[in-house]
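Make a model of the complete structure from these sequences and hints.
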Amino acid sequence: MWRFPMVLALSCVLMACSRGPTEDELVARGDYLVNGVVACGNCHTPRNADATAVAELRLAGSFVIEEPEFRAYAPNITQDHETGIGAWSDQEIIRAIREGVRPDGTIIGPPMPILSYREMSDSDVRAIVAYLRTVAPIRNTVPRSEYHIPLPDSWGPPLGMVPDVSRDDPLAYGTYIGNALGHCMECHTPMVDGVFDFSRTGAGGFLLKKPLGLELAAVAANITPHSEQGIGEWTDDEIKTAITQGISRDGRKLAPVMAFPYYQNMSDEDLDALIVYLRSIPPQPPD
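Residue 142 in the numbering used here sits at position 142 of the sequence shown, with consecutive numbering throughout.
Keep in mind the hints are simulated off the structure, nothing from the lab. Hints are supplied without guarantee of correctness; some may be wrong.
Straight-line distance between alpha carbons at most 20 Å, and here's what the computed SDA-like set of lysine to any residue pairs gives [said to hold, decoys possible]:
1) K240 to Y32
2) K240 to G251
3) K253 to D50
4) K240 to P261
5) K253 to A217
6) K253 to E233
7) K240 to L254
8) K240 to K253
9) K253 to A51
10) K240 to D268
11) K240 to L271
12) K253 to N42
13) K240 to G204
14) K240 to A259
15) K253 to A53
16) K253 to A49
17) K253 to N48
18) K240 to E269
19) K240 to D250
20) K253 to E238
Distance windows between CB atoms, simulated [said to hold, decoys possible]:
21) P158 to F198: 17 to 25 Å
22) T241 to N48: 22 to 30 Å
23) N48 to P137: 20 to 28 Å
All C-beta atoms, glycine included, are put in the ideal place defined by N, C-alpha and C.
Here it is as structure tokens:
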């Protein structure tokens, strides 16, 4: 007779250990991601002439990034039903983020880092959606982006389940942070004929031209462990300061295109793992 309560108690413990996150936990994780390493507002919030965010239009889109291949308008991702994503289902938002397909079937083009976001775990993309649902709707109509290059029919086959990456493996988790979440290499890798040359991952050299309304331009830095051209001689603290404060080891201020106001919200655990990943990249000299 004593076996039944013990089995029941053990089942309850196992169920508690394997339960999914609550809605509050999802929103909290999404808040951390959106306002941290994923830095959605770095593109989806317009900026003033001094490159600071327009607070009253947070996540309402209309920031413009211009390259020879495109003139991209970041869309409104607030909960407005007419000009934002308020009428989209959760699955439609997830598909847009990770597969680059809008509810009407059209393809989302660059600079949205779809190839990186395809590696985002199910739980993290669900957390981002849960947080976006809490963002107040802002009515702001944004033009469609203009492309002078053909967009692909898709960014890859439909995704199945994408599991979480264990935090117990700093290199694997740091790689996940740097690629799937932070999409670092989609700016810090050279581009050839409109396509990133991932044989030289992290070598920098990608020219970021003047986005509409911003009097700035920047060249992405070499963030490989190259001893002279990269960050091979930098200390961990110097790398963290560059990421979170936008200050180089020589005291120089880095271009505000980098999402410093967001990266300063990253946890020490995530920053440490990211640095493990950056130190693992093959050193890349300049051309």
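Verification of the hints:
1. K240 to Y32: Between K240 and Y32 the Cα gap is close to 18 Å, so the pair holds against 20 Å.
2. K240 to G251: Within the cut-off at roughly 13 Å; holds.
3. K253 to D50: 14 Å, holds
4. K240 to P261: Holds, because 13 Å separates the two Cα atoms, which is no more than 20 Å.
5. K253 to A217: Between K253 and A217 the Cα gap is close to 14 Å, so the pair holds against 20 Å.
6. K253 to E233: 19 Å, holds
7. K240 to L254: The given pair, whose Cα atoms are some 13 Å apart, holds under the 20 Å limit.
8. K240 to K253: Since the Cα atoms of K240 and K253 sit roughly 14 Å apart, the hinted pair holds (cutoff 20 Å).
9. K253 to A51: 14 Å, holds
10. K240 to D268: OK: K240 and D268 at ~9 Å, within 20 Å.
11. K240 to L271: 7 Å, holds
12. K253 to N42: OK: K253 and N42 at ~18 Å, within 20 Å.
13. K240 to G204: 18 Å, holds
14. K240 to A259: Given pair K240, A259 holds - Cα atoms ~13 Å apart, limit 20 Å.
15. K253 to A53: 18 Å, holds
16. K253 to A49: 18 Å, holds
17. K253 to N48: Distance ~19 Å between K253 and N48 Cα, so the pair holds.
18. K240 to E269: 12 Å, holds
19. K240 to D250: 14 Å, holds
20. K253 to E238: It holds: about 13 Å lies between the C-alpha atoms, which stays within 20 Å.
21. P158 to F198: 17 to 25 Å: 23 Å, holds
22. T241 to N48: 22 to 30 Å: Given about 25 Å between the Cβ atoms, the range holds.
23. N48 to P137: 20 to 28 Å: 22 Å, holds
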